[in-house]
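> Numbering of the sequence shown is given in the numbering used here, commencing with residue 1 and proceeding in unit increments.
Do not take every clue at face value.
[To be verified] Below, simulated EDC-like cross-link-like pairs (lysine to aspartate or glutamate); rule was C-alpha separation at most 16 Å, straight line:
id, residue 1, residue 2
1, K32, D43
2, K183, D207
3, K125, E107
4, K167, E147
5, K19, E88
6, K174, E188
7, K98, D133
8, K59, D25
9, K59, D92
10, K19, D56
11, K125, D137
12, K19, E94
13, K59, D43
14, K59, E88
[As the list claims (entries may be wrong)] Restraint ranges, calculated between C-beta atoms of paired labels, are given here:
id, residue 1, residue 2, range
15, D89, Y146, 24 to 32 Å
16, K36, Y206, 38 to 46 Å
17, L134, L97, 16 to 24 Å
18, P182, M158, 25 to 33 Å
19, E68, G130, 33 to 41 Å
20, K36, P129, 44 to 52 Å
21, E114, D49, 45 to 53 Å
Please keep in mind that the hints were generated in silico from the structure rather than gathered at the bench.
The C-beta atom is built at its ideal place from N, Cα and C for all residues, glycine as well.
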Amino acid sequence: TGIPACIVLIDKQDAQARKGIFMIDASAGFAKDGPKYRLRSRDVHQVVDVFSKQQDVPKYARMVPFAEIEKNDYNLNLPRYIDSQQAEDRQDIEGHLKGGIPLADVEALQRYWEVCPDLRNALFKPNRPGYVDLAVDKAAIKPTIYEHPQFTAFVSGMNAHFAHWRKRSAATLKALDAGCHPKDVIAELSENLLTHYTGQPLIDAYDV
């Protein structure tokens, strides 16, 4: 459905000891199926994990103190407490008029430059203060990225990371007995995969 929905969990046990309400805005986690929006298994898994761990995740979940709720006249509308909006796509008028790529747009990709720091200099060259130009032809952007040593090293590292999980999981599968429960095995492999990729750069473990 495209109609916003809210799930409220009420637990009276130890309620007097709580200092706030744990809120999750999972509105961005879905797959569009025709006119409907459907939660995927990964979306449900993430909601359950974050709620169970009471884990603060920027733009997704946090524990909201009762004092903050009181200041909002006890209005529990999620956007008051969790800013899940994507950054606005601002148009740089000077860049449009004078040319050049705004440096702010390049710096917005910082998580990629942290993995491939030299790739940035391979793709861009200085223009005027606050702006850069492409250092390669447009048609050469993809080859420059795919052939860059730091990118290929990252891909190789991710392949090796997966191969390590696959080897360990293959041993687990070969050791299964005839009385095992397939659902339990699948759940165990899935949890191991999630844990294996947690904390890896540029990878959302729930997407794996």
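> Each hint: holds or not?
Hints versus structure:
{"no.": "1", "hint": "K32 x D43", "result": "holds, 13 Å"}
{"no.": "2", "hint": "K183 x D207", "result": "violated, 20 Å"}
{"no.": "3", "hint": "K125 x E107", "result": "holds, 14 Å"}
{"no.": "4", "hint": "K167 x E147", "result": "violated, 28 Å"}
{"no.": "5", "hint": "K19 x E88", "result": "violated, 34 Å"}
{"no.": "6", "hint": "K174 x E188", "result": "holds, 14 Å"}
{"no.": "7", "hint": "K98 x D133", "result": "holds, 12 Å"}
{"no.": "8", "hint": "K59 x D25", "result": "holds, 8 Å"}
{"no.": "9", "hint": "K59 x D92", "result": "violated, 25 Å"}
{"no.": "10", "hint": "K19 x D56", "result": "holds, 15 Å"}
{"no.": "11", "hint": "K125 x D137", "result": "holds, 12 Å"}
{"no.": "12", "hint": "K19 x E94", "result": "violated, 49 Å"}
{"no.": "13", "hint": "K59 x D43", "result": "holds, 15 Å"}
{"no.": "14", "hint": "K59 x E88", "result": "holds, 15 Å"}
{"no.": "15", "hint": "D89 x Y146: 24 to 32 Å", "result": "holds, 26 Å"}
{"no.": "16", "hint": "K36 x Y206: 38 to 46 Å", "result": "violated, 21 Å"}
{"no.": "17", "hint": "L134 x L97: 16 to 24 Å", "result": "holds, 18 Å"}
{"no.": "18", "hint": "P182 x M158: 25 to 33 Å", "result": "holds, 28 Å"}
{"no.": "19", "hint": "E68 x G130: 33 to 41 Å", "result": "holds, 37 Å"}
{"no.": "20", "hint": "K36 x P129: 44 to 52 Å", "result": "holds, 49 Å"}
{"no.": "21", "hint": "E114 x D49: 45 to 53 Å", "result": "violated, 25 Å"}
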